[in-house]
Amino acid sequence: MTAKVADPKTVLLRADHLRRQIGDDFRDRIVSSLYADARRIADRSVRIGADQKWDWDQKVDRIVTSPVLGLPIMLGILSLVFWITIVGANYPSQMLAEFFFVVESTAVDLFTDWGVPDWITGFIWNGVFRGLSWVVSVMLPPMAIFFPMFTILEDLGYLPRVAFNLDWLFRKSGAHGKQALTMAMGFGCNAAGVTATRVIDSPRERLIAILTNNFVPCNGRFPTLIMLATIFVAAAFPPAFASFAAAGAVVGVVLIGVGFTLLASWLLARTVLQGEASAFTLELPPYRRPSIMRILYTSLIDRTIFVLWRAIMTAAPAGAVIWILANINVAGVSLAQRSADFLDLLGFAIGLDGVILLAYVIAIPANEIVVPTMLMIYMGVGMMSDVTSYDEIRALLVEQQGWTMLTAVNLMLFSLLHNPCATTIITIWKETRSTKWTTIGALMPLFFAFAVTFAVATLWRIIA
Amino acid sequence: MTPTAAAHSNCETCPAHAQLAQMGVSLGKFDYLVALAGNPNTGKSSVFNALTGLRQHVGNWTGKTVMRAEGGYAFQTLRYKLVDLPGTYSLLSASEDEEISRNFLLFGRPDCTVVVVDATALERNLNLVLQVMEITDRVVVCVNLMDEAQRKGIEVDVRSLSRDLGVPAVPTVARTKEGLHELVQTIADLISGAVISKPVHPSHPPELESAVDELVPLIEQSAPGLPNARWVALRLLDGDHKVRQALLSGELADLESQQSAPIEEISSVVALQGRQ
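Heads up: the protein sequence lines correspond to chains A and B, in order.
Numbering-wise, the working numbering puts 215 at position 215 of the first sequence, and it's gapless, one number per residue.
Numbering-wise, the working numbering puts 249 at position 249 of the second sequence, and it's gapless, one number per residue.
What the hints contain is simulated information worked out from the structure, not anything from laboratory work.
Be aware that a few hints might be false.
So, partial list: chain B residues that the calculated Cβ filter (under 10 Å) puts toward chain A [claimed, not checked]:
1) 67
2) 124
3) 238
4) 239
Computed list of lysine-lysine pairs in BS3-like fashion (alpha-carbon distance at most 30 Å, straight line) [said to hold, decoys possible]:
5) B/242 - B/198
6) A/436 - A/9
7) B/152 - A/59
8) A/9 - B/152
9) A/59 - A/436
10) A/430 - B/29
Far from chain A, by Cβ distances over 12 Å, these chain B residues were calculated [said to hold, decoys possible]:
11) 32
12) 149
13) 181
14) 200
15) 219
Idealized CB from N, CA, C, for every residue including glycine.
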């Protein structure tokens with residue numbers, strides 16, 4: 001080591017002192033002077049001829065990332081995407097459901113003709129197959145419409161702009177600005193969002209991003225939200241406005257999710273994960289013309305088939321479990337009924353019921369199958385209820401099971417806030433390698449879900 | 001990049017061929033160390049491949065999962081070792097890639113750093129050039145993708161660019177090896193001192209500059225001979241943990257003593273990097 005005149009520690013003390021004087025926008029100011037210089041030098045040496053693409057990009061960016069118009073434009077695009085999904089998914093869903101029902105009843109008839117024992121027929125067709133057909137008909141159409149549109153936005157380069165628009169909110173709540181980006185990924189899949197937090201270098205801010213990623217609805221939960229919005233929220237409005245109201249409700253739920261992401265980040269940053277927010281540079285990539293083939297491939301193969309396959313893989317065993325629960329009787333009452341009764345009081349307290357909670361417990365492996373699970377428990381296997389359309393689902397839930405608007409609203413909230421699916425929990429563990437943080441990551445959302453739905457139910461009952 | 005027959009014949013007929021020889025991994029000892037920096041998608045790898053040939057040493061940066069490629073070339077009897085740094089947009093936010101690039105510029109002490117920039121997006125690329133120039137004076141800007149720029153109707157006045165930056169700039173089309181002879185010549189000239197660089201430094205707001213001015217002498221006392229005290233000052237004002245640690249552990253001060261002894265083996269320098 002060379003001889004030193006000034007001790008490094010004194011240098012650091014001095015630096016820290018100066019740093020506090022300058023304030024925390026230091027990085028922003030350095031970056032802006034750097035960019036100003038780069039622009040000045042580039043302007044002097046670059047002459048742009050016919051091609052004005054860059055100019056175009058900048059003009060568009062000035063609008064879509066403007067402090068005033070940025071957020072409204074974002075909400076507008078989001079609403080439009082949900083509206084198209086809701087309007088477009090209705091008919092195909094109905095047709096698929098009808099098709100599967102025909103297959104199911106034909107198969108049951110055949111099995112009966114062949115003399116196959118009732119319990120096998122029931123297990124295979126009314127259990128496993130019904131679970132599968134529910135998942136496919138309820139989820140496939142919205143996914144096949146929603147994912148391509150989502151992929152177009154992604155391909156265009158709009159998602160980084162979303163992150164740019166939201167970045168300040170995250171910094172205000174003491175988290176990393178890049179969390180806006182990982183949150184956007186979470187809309188696709190929370191497990192992917194959790195993995196994406198690797199872009200955040202500070203361990204503290206990364207943990208915040210991991211623990212709060214679950215508060216935005218993933219692709220698995222969107223179909224549930226869209227269905228509930230279509231069946232219940234839309235039904236409360238005149239038909240002309242129904243689809244808009246449904247789209248509005250989904251956007252509302254998304255915004256509530258973003259709100260809870262920020263709130264939870266803020267709480268974490270103030271309590272267990274205190275520290276300084278670190279700065280970062282977010283580059284907005286040039287807008288690209290989306291390539292049709294790539295969009296079709298990504299949205300249909302990577303996303304739709306992937307999510308659907310996962311749902312099918314979990315729905316089949318879930319269907320089997322439900323059938324067993326519904327058909328094994330202890331003292332004249334089925335296990336499903338007993339479990340649901342057991343959970344009923346808790347369910348009532350949060351504006352739901354025991355069956356819904358039971359469905360959530362069964363659906364822990366994958367959020368996608370909550371609604372089908374719930375419907376199957378409601379219907380039981382003995383009843384060959386011919387549920388082929390959204391209207392009939394509503395009739396079943398409202399008339400037979402006593403659902404109200406409160407149930408629908410709270411179910412949407414619960415679905416938004418409750419614990420992450422098994423895949424996400426495993427991913428959190430892989431990323432943090434900590435039992436403690438994994439537990440917090442799983443239980444904190446559950447706590448929020450119970451607290452919020454309880455509060456809403458209580459208020460609702462007082463007012464109504 | 002796969003070399004085509006055309007590329008080979010180009011190589012043999014180009015004027016550089018007489019003097020430039022791709023050395024790949026067979027370099028052994030080398031005379032000078034050259035770092036290759038640049039944004040992603042600037043054709044940095046094309047430049048690297050064109051200079052070193054296809055036999056490169058590919059491994060990981062010590063303790064990291066980021067790929068590290070190095071190769072060599074000989075020019076006018078001198079041997080140059082070329083290290084390909086990860087493609088980054090900046091050196092500020094200290095992601096793993098940026099940290100590796102920054103550490104190599106700081107602790108690896110390259111004799112020359114070539115920053116490959118995209119002629120079609122010069123403004124964005126200059127941000128990195130300006131940041132590299134704060135760490136080291138010995139910078140050559142390689143303005144690549146000149147053909148694409150031309151196709152898009154973008155004209156880059158490389159002379160004016162060079163004058164404004166205060167470092168040499170060379171226009172290239174790495175894919176067809178156009179301008180690479182000038183590039184290696186410029187690298188050689190910069191190292192030998194035939195060309196002298198005086199990089200401009202970004203002008204920060206006055207209150208920041210005064211804070212920097214106050215810190216620079218202190219840092220220079222603490223780590224005498226450090227050529228980039230100004231950059232270190234800026235990093236300390238930004239609360240950069242890595243730089244704080246380097247200062248506390250004496251690594252920054254040690255750099256000065258390394259400078260006097262020419263680096264023969266890169267591995268020792270990289271080991272130094274892995275220690276922190």
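Against the structure, the hints:
The interface hint given for residue 67 of chain B is violated, since its Cβ lies 16 Å from the closest Cβ of chain A, which is over the 10 Å cut-off. The closest approach between the C-beta of residue 124 of chain B and any C-beta of chain A is roughly 7 Å, which is under the 10 Å cut-off, so the hint is satisfied. Given hint, residue 238 of chain B at the interface with chain A, holds; its Cβ is 6 Å from that chain's nearest Cβ, closer than 10 Å. Interface hint at residue 239 of chain B: satisfied, since its Cβ lies 6 Å from the closest Cβ of chain A, which is below the 10 Å cut-off.
Pair hint residue 242 of chain B plus residue 198 of chain B holds up; C-alpha atoms about 27 Å apart against a cutoff of 30 Å. For the suggested pair residue 436 of chain A and residue 9 of chain A, the alpha carbons sit about 36 Å apart, so the restraint of at most 30 Å is broken. For the proposed pair residue 152 of chain B and residue 59 of chain A, the alpha carbon gap of about 19 Å is at most 30 Å, so the pair holds. Straight-line distance between C-alpha atoms of residue 9 of chain A and residue 152 of chain B comes to about 53 Å, which puts the hinted pair past the 30 Å bound.
Our distance criterion of 30 Å between C-alpha atoms is broken by residue 59 of chain A and residue 436 of chain A, whose separation comes to about 47 Å. Restraint check for residue 430 of chain A and residue 29 of chain B: the C-alpha separation of about 43 Å exceeds 30 Å, so the hint is violated. A cut-off of 12 Å between C-beta atoms confirms that residue 32 of chain B is not in contact with chain A; the least separation is 25 Å. For residue 149 of chain B, the shortest C-beta to C-beta distance to chain A comes to about 9 Å, within the 12 Å cut-off, and the non-interface label is violated.
Consistency note on residue 181 of chain B: stated as away from chain A, and its beta-carbon is indeed over 12 Å from all of that chain's, at 22 Å minimum. Distance check for residue 200 of chain B against chain A: the nearest CB is about 8 Å away, which does not clear 12 Å, and the non-interface claim fails. With a least beta-carbon separation of about 6 Å from chain A, residue 219 of chain B fails to lie farther than 12 Å from that chain, contradicting its non-interface assignment.
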